[in-house]
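Undergrad: Each protein sequence line maps, in turn, to chains G, W, A and S. My numbering puts the first residue of the first sequence at 1, with every later residue one more than the last. My numbering puts the first residue of the second sequence at 1, with every later residue one more than the last. My numbering puts the first residue of the third sequence at 1, with every later residue one more than the last. My numbering puts the first residue of the fourth sequence at 1, with every later residue one more than the last.
Hints were generated in silico from the structure; no laboratory data involved. Check the hints yourself; a few may be wrong.
Unchecked claim - Result set (DSBU-like, lysine-lysine): computed pairs, CA atoms no more than 35 Å apart in a straight line:
id, chain 1, residue 1, chain 2, residue 2
1, G, K119, S, K47
2, G, K47, W, K148
3, A, K211, A, K119
4, S, K119, A, K47
5, S, K148, A, K47
6, S, K211, S, K160
7, S, K160, A, K216
8, S, K160, S, K119
9, W, K47, A, K119
10, S, K160, S, K216
11, A, K160, W, K216
12, A, K216, A, K160
13, G, K216, W, K160
14, W, K47, A, K160
15, W, K47, A, K148
16, A, K160, A, K211
17, S, K148, S, K216
18, S, K160, S, K148
19, G, K160, S, K47
20, G, K242, G, K148
21, G, K148, G, K119
22, G, K216, G, K160
23, A, K119, A, K160
24, A, K119, A, K216
25, S, K216, G, K160
26, W, K160, G, K47
27, A, K47, A, K216
28, G, K148, S, K47
29, W, K119, G, K47
30, S, K160, A, K47
31, S, K242, S, K148
Protein chains: 4
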Amino acid sequence: MDQINVRWYVEDVCAHSSPVLIAGLPGVGHVGKLVADHLVRVLSAVKVAEVTSILFPPQMYLSEDAVLRLPRNELFFAPESANNPAVLLLAGDCQSTTPDGHYLLADAYIRIFEQLGVKRIYTLGGYGVGRLVDNPRVLAALSSSALKDEVLGAGAILDKDEPVGGIIGLAGLLITLGRLSGMEGIVLLGETSGYLVDPVSSTSVLNVLEKLTGIKADRTDLTELASQMMTEVSAIASTIQKNNTDDLNYIG
Amino acid sequence: MDQINVRWYVEDVCAHSSPVLIAGLPGVGHVGKLVADHLVRVLSAVKVAEVTSILFPPQMYLSEDAVLRLPRNELFFAPESANNPAVLLLAGDCQSTTPDGHYLLADAYIRIFEQLGVKRIYTLGGYGVGRLVDNPRVLAALSSSALKDEVLGAGAILDKDEPVGGIIGLAGLLITLGRLSGMEGIVLLGETSGYLVDPVSSTSVLNVLEKLTGIKADRTDLTELASQMMTEVSAIASTIQKNNTDDLNYIG
Amino acid sequence: MDQINVRWYVEDVCAHSSPVLIAGLPGVGHVGKLVADHLVRVLSAVKVAEVTSILFPPQMYLSEDAVLRLPRNELFFAPESANNPAVLLLAGDCQSTTPDGHYLLADAYIRIFEQLGVKRIYTLGGYGVGRLVDNPRVLAALSSSALKDEVLGAGAILDKDEPVGGIIGLAGLLITLGRLSGMEGIVLLGETSGYLVDPVSSTSVLNVLEKLTGIKADRTDLTELASQMMTEVSAIASTIQKNNTDDLNYIG
Amino acid sequence: MDQINVRWYVEDVCAHSSPVLIAGLPGVGHVGKLVADHLVRVLSAVKVAEVTSILFPPQMYLSEDAVLRLPRNELFFAPESANNPAVLLLAGDCQSTTPDGHYLLADAYIRIFEQLGVKRIYTLGGYGVGRLVDNPRVLAALSSSALKDEVLGAGAILDKDEPVGGIIGLAGLLITLGRLSGMEGIVLLGETSGYLVDPVSSTSVLNVLEKLTGIKADRTDLTELASQMMTEVSAIASTIQKNNTDDLNYIG
Chain G
1 MDQINVRWYV EDVCAHSSPV LIAGLPGVGH VGKLVADHLV RVLSAVKVAE VTSILFPPQM
61 YLSEDAVLRL PRNELFFAPE SANNPAVLLL AGDCQSTTPD GHYLLADAYI RIFEQLGVKR
121 IYTLGGYGVG RLVDNPRVLA ALSSSALKDE VLGAGAILDK DEPVGGIIGL AGLLITLGRL
181 SGMEGIVLLG ETSGYLVDPV SSTSVLNVLE KLTGIKADRT DLTELASQMM TEVSAIASTI
241 QKNNTDDLNY IG
Chain W
1 MDQINVRWYV EDVCAHSSPV LIAGLPGVGH VGKLVADHLV RVLSAVKVAE VTSILFPPQM
61 YLSEDAVLRL PRNELFFAPE SANNPAVLLL AGDCQSTTPD GHYLLADAYI RIFEQLGVKR
121 IYTLGGYGVG RLVDNPRVLA ALSSSALKDE VLGAGAILDK DEPVGGIIGL AGLLITLGRL
181 SGMEGIVLLG ETSGYLVDPV SSTSVLNVLE KLTGIKADRT DLTELASQMM TEVSAIASTI
241 QKNNTDDLNY IG
Chain A
1 MDQINVRWYV EDVCAHSSPV LIAGLPGVGH VGKLVADHLV RVLSAVKVAE VTSILFPPQM
61 YLSEDAVLRL PRNELFFAPE SANNPAVLLL AGDCQSTTPD GHYLLADAYI RIFEQLGVKR
121 IYTLGGYGVG RLVDNPRVLA ALSSSALKDE VLGAGAILDK DEPVGGIIGL AGLLITLGRL
181 SGMEGIVLLG ETSGYLVDPV SSTSVLNVLE KLTGIKADRT DLTELASQMM TEVSAIASTI
241 QKNNTDDLNY IG
Chain S
1 MDQINVRWYV EDVCAHSSPV LIAGLPGVGH VGKLVADHLV RVLSAVKVAE VTSILFPPQM
61 YLSEDAVLRL PRNELFFAPE SANNPAVLLL AGDCQSTTPD GHYLLADAYI RIFEQLGVKR
121 IYTLGGYGVG RLVDNPRVLA ALSSSALKDE VLGAGAILDK DEPVGGIIGL AGLLITLGRL
181 SGMEGIVLLG ETSGYLVDPV SSTSVLNVLE KLTGIKADRT DLTELASQMM TEVSAIASTI
241 QKNNTDDLNY IG
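Chain G extracted, bound-state conformation:
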C-alpha cells in the first residue's frame, strides 16, 4: 500500500493547453472548497484523477444508497471555452492528518501538475477573523512580487502581516513548492468568521479569481447559498436583539 495513490481516469486530457490550476480543499469556513466545488459543476469539468492516501483520515464517506467510498482529493479538467481558459480543479474531502503529510501531499500534487503542463496555481481558502464580516476582504499571497500589480488590480489585498502566523496547510505549500518547479502561484483567502460554512466569503474570493483568470461562470447556486446564509444570520441576529430587549423589559 503506497502512502499516496493516484488513479488516473483520463490521460493526456490537457496536453498542449497549459491549464491554470485552481485548488479549493476543506479549511476555515470551507471558503475554498465551496468555490472549487462550484467551478467543477458550472464548468462541467471532467474527472482526470483521484488521489487517496493513508495520510487522509480513516473516515469513509457515504454516497447515494449509503455506498461507502474512501476519502479523496480529485482533479477535474475543463477545456478552454468562450467563458474560461483551460482549467484544472483540485477539490476533495480532506487534507492530511499529520504535519509532514501536508508536505508529502503537496509534493505529489506539484509533480502531477508538472506532468499536466501547469504554469500557474491558484489556491483558495478562508481567513478566520472571529466575527461576522459584511463585506469580506480577499487577502492574497504570492509566489513572487512580479504578480503584485495583477493581484491588486483584481481587488485583493497584499499585507505581509496578514494572516498573522502565515498560511497553514496545503494552500500555502502548493505555492512555495510550485515555485521551486517554476510555477507562478497565488493564494486567495476570503475573510470569514471561522464559525460557519461561508458562501458569502466564497463569493468574494470568486470575484477576485474571475478577474484574475477570465473565468465567467454562472453563479446562481453560490449566490443562492450566500443569500440563504445571510437570511439565517439576520434571523439569528434579530432573535438575539429581541431577547436583549425582552431582558430589559423584564428588568424594568
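Dock chains W, A and S against the given chain G, drawing on the hints supplied.
TA: Structure of chains W, A and S alone, referenced to chain G:
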C-alpha cells in the same frame, strides 16, 4: 520486527469454501465485538491466524494465572453446517493507535481475505446517538448499490446522512479497500448510547446479520447479557426518578 | 542516524553465565527504577552497554558541572557471587515517546538479551491505586503458568483482573516478546499511590525479587529513602488532620 | 521529497577558518533567536545554506509584498575581523514538529558543521522561571567539564539541577551529538518569564557570549528593544498598582 505480523495456526482451512467474513472489533458500545466474540463461541470456530502489530497499543493483556499476551486480532473459521455457511470471523482486542495504521491494517487484512477466498465481508459496529435507545435501529453502508434490496429486506436502514461524518476506523476501510479487490461488503451499525457496553444493540445487529447470512446460532448468552443490561438500566432509571420525586417532596 | 543506537562498553562480559535480566525503568511511582538503580549500586554492576534512540524524548540531562548527556537506557552486569546469581540490569532515564516505539525498543532489547544468553527476565514497576498504601502488595504477571507456584511462593499476587487494563509499556512487552524468543519472564508491580516517587513500594518489590532470584543485597539506602518518605507522609497527614480539627473549632 | 533538504548558497566559504557555531532558534522568550538574528545583522553575515524540512510545521511565511516562503533554518557566515572570530550562525523560523524530528535535524546539522570545520558550538535559549526577572542570570550547560572555568569566568552559572528536567529541543541535542563528533559545546540559557519575547534576557546572554567568543558587536538595536520592553513592563506594572489602589479607595 515487522509492522504487522501474521501467525498462521491452520493453513488452507477454508480452501474451496469461499467463506463470508464477519469482522467485529472494539468500538462504540463494543457492539461489533460482542457479536463477533459470540459467534466465535456458538459456531465453535477454530483459530486460523493471529495478528500482532506495532500499530496496536503497547498494552499487554492478562489471561488465566496472570499470564501476559500481546494485544491481537484473531481470525477464526467455522465450516459450512446446517445452521451456517462457511464463516471467517475477525475478532480481537484493539484497533490501530494511529490514523494511517487503520489503512495499513485494513490493507493487510484484505490481502489475507483474498488468500482465503473471501467474496463477501460484513463489518459490525455501533453508532453512538448519545441517549438510551429502546429498540436500536441497524444502519447499513454498502460496497455497492447492488446490495440495497438485500440489506433493506433484512431490516437494516440505508441513509447516506447517517452516521453523520461517515464511518471511522477499520469497519469502513475493510469495505472500501475490499471493493478494490472485488469483494462485496456491508457495514452494520447498531444504534447505541455510546456510554455503555451494549448487548441490546448487538442483538439487533445479530438479527440483521442472521437474515443476511443464513446463520442460525444459539444466542442464550447474548440474550442473557442483554436482559442483565436492561435490568441494570431500569434500576438506574428508577433510582433517578425516585431521587427526583424526593427532591420535589423536599422542596415542597 | 539509526532509530536505536547500542554502544557496547564491554563485550562478552557474561559469556557462559546465563544471567537473569532485571529491568526497572521510569514509570508509576518510579517503583521499578528505584529498585534497578539500587541494585546497580549495591551489586557494583559494571556498565555493559548504553542505548540511545530517536524514540526517546529530545531532553538532554545534566550531570556534574552541568555536563549534558543524551537520555539513555543502560545495561549493567554483576557476575555471580555468594550473594547473587549472575545479573544483568536494565536501567535508565526514559521510555519511548510513541506507542510503536515501545515495541521497537522491546524488540531491540530482546535481541540483545538473546546475545547475552538471558533465559529469564524480571521487569519491575508500580501499579497506581490512587491512595496511600501502608503495606503495598506486589502483583505479578507471567510469561507462562509454569511460573505460578514459584511466584506465589515468593509472596506476589496473581490476579488476571489486576492491573485493570493490563500492563502498558516496556515492562509488559519485554515479557511477551521475550517468550517468543524462549525466555521466561515475570513482571512484578508494587502497589503505589501514583502521586509520589515511592521507595516503600520498591522495598516490597525488592522483597519478592530477592526471594525469586536469591539476591541478598545491602539495602540501607533504599530503607533510608523509604523511612524518609514515611516520615514526610506522616507529617503531611498530621498537618491535614490538625487543619481539619482547627476548622471544626472555628466552626464550633 | 527528502525529509531534510539543504540548499547551499555559498560553498567552501569558511574553509580553513574553523568557525565557531552560534545557534539561536525559536524557543522560550525567543531569547536565543533574538541574539542570533541580531548577530546576523550586526556582523553582516552572508547566507551559506538554507534548510527546509517536512519535519518543520506546514506553515508558510509571508515576506514583503506577501510573497510566500517555506519555513526554514538558515546558516550564515561572518569571516574573522577585528571585532569577531570566524562565526557561523544558525537562525530560523522554527524547530521540529515531532520528538524524533529534533534528533534527525540535530544530526543533519552536526554533519553540516563537520563539513564546515566547526570545532565549537554555542547554543542559545531561554529558561522560563514564571515571573519577571530584573537581572536575568545566564545558566550554562557543557559538553565537558574542561569548559567549566572558561564558562564561569564569563559570568554564567553552572548548576546540574537547573533547568529542572534538563534541556529540551535542538539547543541541547546539538551539544550532545556534537560531542560524539568531537566538537566542544556550550548551551547558554537566559532566565526569562516565559510569557514575553524577552530582549532583556537576550542582552544577558549576549554579554556572556561576547566574553566567551571575543565578539564585540554594536548592540544598539537589541538595547533599544530591551529598553522598550522595560518601559512597557513598567507601564503595565504601574497600571496594575494604580488599579489596586483604586480598588482600595473604592472599598474604603
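Undergrad: Indicate, hint by hint, whether the structure satisfies it.
TA: Here's how the hints hold up against the structure:
1. G:K119 x S:K47: This hinted pair holds, its Cα atoms lying about 30 Å apart.
2. G:K47 x W:K148: 26 Å, holds
3. A:K211 x A:K119: Distance of about 18 Å is within 35 Å: holds.
4. S:K119 x A:K47: 30 Å, holds
5. S:K148 x A:K47: 26 Å, holds
6. S:K211 x S:K160: 22 Å, holds
7. S:K160 x A:K216: Cα-Cα ~34 Å, so holds.
8. S:K160 x S:K119: Distance ~24 Å between S:K160 and S:K119 Cα, so the pair holds.
9. W:K47 x A:K119: Given that 35 Å is the threshold and the Cα spacing comes to 29 Å, the pair holds.
10. S:K160 x S:K216: 30 Å, holds
11. A:K160 x W:K216: 34 Å, holds
12. A:K216 x A:K160: Holds: A:K216 and A:K160 sit about 30 Å apart, inside 35 Å.
13. G:K216 x W:K160: The hint holds at about 34 Å.
14. W:K47 x A:K160: OK: W:K47 and A:K160 at ~22 Å, within 35 Å.
15. W:K47 x A:K148: Distance of about 26 Å is within 35 Å: holds.
16. A:K160 x A:K211: Holds, because 22 Å separates the two Cα atoms, which is no more than 35 Å.
17. S:K148 x S:K216: Between S:K148 and S:K216 the Cα gap is close to 22 Å, so the pair holds against 35 Å.
18. S:K160 x S:K148: 12 Å, holds
19. G:K160 x S:K47: Holds, at about 22 Å.
20. G:K242 x G:K148: This hinted pair is violated, its Cα atoms lying about 46 Å apart.
21. G:K148 x G:K119: Since the Cα atoms of G:K148 and G:K119 sit roughly 17 Å apart, the hinted pair holds (cutoff 35 Å).
22. G:K216 x G:K160: 30 Å, holds
23. A:K119 x A:K160: This hinted pair holds, its Cα atoms lying about 24 Å apart.
24. A:K119 x A:K216: Given pair A:K119, A:K216 holds - Cα atoms ~21 Å apart, limit 35 Å.
25. S:K216 x G:K160: 33 Å, holds
26. W:K160 x G:K47: It holds: about 23 Å lies between the C-alpha atoms, which stays within 35 Å.
27. A:K47 x A:K216: With Cα atoms ~21 Å apart, A:K47 and A:K216 stay inside 35 Å; holds.
28. G:K148 x S:K47: 26 Å, holds
29. W:K119 x G:K47: Given that 35 Å is the threshold and the Cα spacing comes to 30 Å, the pair holds.
30. S:K160 x A:K47: 23 Å, holds
31. S:K242 x S:K148: 46 Å, violated
Taken one by one, the earlier hints fail for this structure at numbers 20, 31, listed in ascending order.
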